[in-house]
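Residue numbers (the numbering used here), protein chains in the order written: chain L, 138 to 378; chain P, 172 to 411.
Since the hints were made in silico from the structure, they are not lab data. Any given hint could be a false lead.
[What the hints assert, rightly or not] Anything over 10 Å on all C-beta distances counts as not near chain P; from chain L, calculated:
no.	residue
1	Glu141
2	Leu156
3	Ala166
4	Phe189
5	Val204
6	Gln205
7	Leu208
8	Glu222
9	Val259
10	Ala293
11	Lys303
12	Ala304
13	Met314
14	Arg329
15	Tyr341
[What the hints assert, rightly or not] A few chain L residues facing chain P, derived, Cβ under 8 Å:
no.	residue
16	Gly192
17	Val196
18	Pro201
Backbone N, C-alpha and C define an ideal beta-carbon position, used for all residues, glycine too.
The chain contents come next:
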Amino acid sequence: MDFEFMQETFLRLLSGVPLTLNLAFTSVAFGAVLAMLIALMRMSGVRVLEAFAKGYVFVFRGSPLLVQIFLIYYGLGQFRPTLQEWGLWSFFREPYWCAILALTLNTGAYASEIFRGGLQAVPAQQVEAARACGMSGFLLFRRITFPIALRQALPAYGSELILMVKATSLASIITMMEITGIAAKLISQTFRAVEVFIVAGAIYLILNFIITRLIMALEWWLSPHLRHPPVPKASVEAVHV
Amino acid sequence: MQQLSYFELIGFGPNGWGNALLIATGMTLAVALCGFIAGAVIGTLVAWAKLSSSIVARSLADGYTTVLRGIPDLLVIYLFYFGGSAALGAIGSLFGAEGFIGMPAFVTGAIAIGIVSGAYQAEVFRGAFQVVSRGELEAARSVGMHRWLMFRRVVAPQVLRYAIPGLGNTWQLILKESALISVTGLVELLRQSHIAAGSTRRPFDFYLTAAILYLLITWVSTTLFQRAETYSMRGIRRAS
């Protein structure tokens, strides 16, 4: 094991971290909005919207992400004249935006199911109680439904975040030089697959570890009602006296 | 040159890519299935290690599942493709062979899928084992069954029964992961679509076909797993 080489590799790979995080968080942010829309459609009770949401989730969860990326990045090139006419070509020409679009559509499908689970787990009594107090519509959603659903969905959404960080590695196949892209280049240059793999793997593990901790902290912060009440200070002091 | 229609393009006619796509679909299924079986073997061993009383075995198994579930699959595939080739080259040079020996893409793919899915399947098996009632294990021991016999007669059938839904999820994951094997040059569904797209300049048509075929496989296997679940649960009374 050549530690000097690994250190050098570490520094090279570190330069890919911003792009990896950029891809992950941009698509997660857009994806969350999309997922909320899809989840609301799925629960709307309108048959057309429900069918659309179901179909959407089936298509994007049932086919490989790489196929979706290729379909957008290479596939839409087939309609270049039309896209140019519509002024969209500058968007679909960029591998960055194609990756973001594919990742967003993908996480939208997965996260919509997570959100739906969270929304459906809101106890009916709580909603009834809120209605009895005179809340309705958006106020009810903002004060009662959303906070409860968020708490329910957070653990699963945390794993979705990890999956997204892992999924950004596929962007390397369409020339994005994020961590995996740089790693692949280094491996094919040096043929030292094991060392590069260890370093790149460690970087991903550290990133994912930090994300898990952040989600856990958020969960803790959002559920004060589940924690043991803090021991009153006075009694602690009383022991000393 | 006249534009071929979509169905001429993916059909079985003289200009159609239908045959090639079908063979490639078979390849996708083959590599996914081999990976799934390899993963089941690895998963069983790792689940056993996780449930063992030895701290060393437990922490090794925990480390394995944490690492493999925390890093991108693509990285694992690169490791086995390039690392495997390097190892083969080293072995080859011992026997006097020279230069680069490529790792067979199919083997790389199956191993990589097996190693990754082993981590997921280990968790599935571990969870399923914990559902098996302790009383039954005790009963098996009390009638004098030995470890292997107990595994075969009592543990395995029940664990498999409870593991079916989880295994179904893993199979879907594997199916989608198999598309990544295309980076090693194995001519599976995605690679074949890539080749066809390149030579006909109709990328959208071919990637769309690939997506449809993947969806078809997913749909069929979901149905099959659901059937297997109903079948395996036929003797169990469910609460509610």
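Evaluation of the provided hints:
no., hint, in the structure
1, Glu141, "holds (19 Å)"
2, Leu156, "holds (14 Å)"
3, Ala166, "holds (21 Å)"
4, Phe189, "holds (16 Å)"
5, Val204, "violated (5 Å)"
6, Gln205, "violated (7 Å)"
7, Leu208, "violated (4 Å)"
8, Glu222, "holds (17 Å)"
9, Val259, "holds (21 Å)"
10, Ala293, "holds (13 Å)"
11, Lys303, "violated (4 Å)"
12, Ala304, "violated (8 Å)"
13, Met314, "holds (14 Å)"
14, Arg329, "violated (8 Å)"
15, Tyr341, "violated (5 Å)"
16, Gly192, "violated (10 Å)"
17, Val196, "holds (6 Å)"
18, Pro201, "holds (4 Å)"
When the structure is compared with the earlier hints, violations turn up for hints 5, 6, 7, 11, 12, 14, 15 and 16 and for no others.
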